[in-house]
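Read top to bottom, the protein sequences are chains A and B. Whatever position you read off the first sequence (first residue = 1), add 1 for the numbering used here. Whatever position you read off the second sequence (first residue = 1), add 1 for the numbering used here.
Among the clues, some could well be false.
Identical chains share a label here; the pair holds if one copy fits it or two copies do between them.
Unchecked claim - Simulated pairs of lysine-lysine, DSS-like, Cα-Cα distance not exceeding 25 Å:
#	residue 1	residue 2
1	K227	K123
2	K204	K123
3	K158	K58
4	K256	K205
5	K160	K126
6	K16	K72
7	K72	K205
8	K160	K58
9	K58	K155
It is worth saying that the hints were derived from the structure and are not from the lab.
2 protein chains.
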Amino acid sequence: MRWIFVNNNFAEEAKALLQTNDLAIQRGYAVFDYFRTVNNQPLFLNDYLDRFFNSAKELSITIPHTAQEIKEIIHQLIKKNDTPQSGIRMIATGGYSPDSYTPVQGNFILEQQPLLLPDAEKFEKGIRIMSYSYQRDLPAVKSINYLMGIWLQKQLKEKGLDDVIYFQGSCISEFPRANIFMITPDGTLATPARNILAGITRKKILEFAGETLPVQVRDISLTELKQAAEVFTTSTTRRILPVTEIDGIPIGNGKAGPLTRQLLEQFIRQQESFNESAYTVLENR
Amino acid sequence: MRWIFVNNNFAEEAKALLQTNDLAIQRGYAVFDYFRTVNNQPLFLNDYLDRFFNSAKELSITIPHTAQEIKEIIHQLIKKNDTPQSGIRMIATGGYSPDSYTPVQGNFILEQQPLLLPDAEKFEKGIRIMSYSYQRDLPAVKSINYLMGIWLQKQLKEKGLDDVIYFQGSCISEFPRANIFMITPDGTLATPARNILAGITRKKILEFAGETLPVQVRDISLTELKQAAEVFTTSTTRRILPVTEIDGIPIGNGKAGPLTRQLLEQFIRQQESFNESAYTVLENR
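Isolated chain A (complex conformation) (with noise of 0.2 Å):
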């Protein structure tokens, strides 16, 4: 059984329930947050909960928990269910609005599922990928507004294609639930500065990738994107995933750069040293 936490007590998933008032059902009006677990440890928890409360402030959210309330019922609820390697997403909604429109007194969720990260394979052949002109409402709020990304899934289907990644103007942004980066044709890495959303895998990327590499966070073209020697998605689920082609257009020899396989490296080594596990990725190349 997979328990839910919901507001003030653990379900099943059958009675992990909300009204139908709710704001979030009402108007698609709430947050949430999503994490990693590795060997049942929370990673990067005190980021991602940051970024949840901000999220929650901006949107005028109450979350009817601490930080420090929610630490414990995350550690609960890994407790019960048992799952080491997960993701945990949090939720907070708009709440019961008596008016279907103006927030009130937020409702809570807490959810664990398993996770398996994107093995050696999936590494090497990486994702292709179009671009689609769109910026994302609010960017630097983490709300559970999917509409276009959920919408454009079925032009990706029809596409045989694996994401999508947002431009406008000439800038590009974000996927729709992960961030980008290249290694521009002199070995720079680079990633957007604007209109995203800011990523913990893209912060602890940029917190290290300058020990060996020269970095740029700054506004990037669709154009240089496809110039790229090497591009590649970050997010909790991915970690670092190449992008191997771009609207039909291969990058660098198609296939996962070595630059790539270095940050990689790093991100394991240095983040995930606890974890056993989290080496098989690269051992199995």
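Given the coordinates of chain A, assemble chain B onto it according to the supplied hints.
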């Protein structure tokens, strides 16, 4: 007690529930529609049902009932709640999605609340609005995505304003929950043609306004809007309501205009002739 219909059952509010893994809660992914009852009779129901099913189709959401079944359920709901002047909301969500991203069999909600239309005093005073640069995603679809509309409520409250008109580039489009019309200085009725939700009230006005006024459905700039003789907003809950100030600039003489009043009288006489109480707003002036 107020009855709510969820999937296959009528339930009271506290027992009208969805599981937290519904795509509305996970990703804000759902469509809805909202119509009025007048003396327990649904107004323009076929128009609203058509739009509801079209929205669902565009978002690959499966409504678990036919239009005919929904009509029957609406009939039962009206009977059970006996709230003659009401608003009825229908919601169809992305369903209990195993991957929290892909729409599956949708969940269906039908709910009813008492609805008070603007009275004569509110009509005479009109509403004061500001403009904001924004374009709704997939504007022709009535999705539950109101992230920007609700987020902007804080600014509106601080400024003591009633609503916000979206524009992008040089074109105005719509309010978060309503359409816009203007009367030009030469007495032409005009309303934006593109990037809007096609409101049912808007549609009805366009059907009869040509009897007395020249009508244009075309692009309108924010500058032109502010120089209009009269401006008004239309929606299911507002019917026709004057806009008397935009970004601090009074429209016309800053009060309800004569052609706006004439259109409301036409709307009520033509569309709600079976409803005696509808005349209150006219008689009280």
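Evaluation of the provided hints:
With identical chains, the CA atoms of K227 and K123 are at most 25 Å apart within one copy only, with a shortest distance of 21 Å there and 56 Å across copies. Taking the shortest Cα distances, K204 and K123 sit within 25 Å of each other inside one copy (23 Å), while across copies they are farther apart (51 Å). Taking CA atoms no more than 25 Å apart as the test, K158 paired with K58 passes between copies only; the shortest distance there is 17 Å, against 36 Å inside one copy. For a Cα distance limit of 25 Å, the shortest separation of K256 from K205 inside one copy, 24 Å, qualifies, whereas the shortest one across copies, 57 Å, does not.
Taking identical chains as interchangeable, the C-alpha atoms of K160 and K126 lie at most 25 Å apart only when both belong to the same chain, with a minimum of 17 Å there against 54 Å between chains. For the identical chains of this complex, K16 and K72 are intra-copy neighbours only, at 23 Å inside a copy versus 30 Å across copies, given an alpha-carbon limit of 25 Å. Taking the closest pair of Cα atoms, K72 and K205 come within 25 Å of each other only inside a single copy of the chain (21 Å); across copies the shortest separation is 54 Å, beyond that limit. Taking the closest pair of Cα atoms, K160 and K58 come within 25 Å of each other only across two copies (20 Å); inside a single copy the shortest separation is 39 Å, beyond that limit.
Taking the shortest alpha-carbon separations for K58 and K155, only the inter-copy value of 12 Å comes in at or below 25 Å, while the best intra-copy value is 33 Å.
Of the hints listed earlier, there is not a single one the structure fails to meet.
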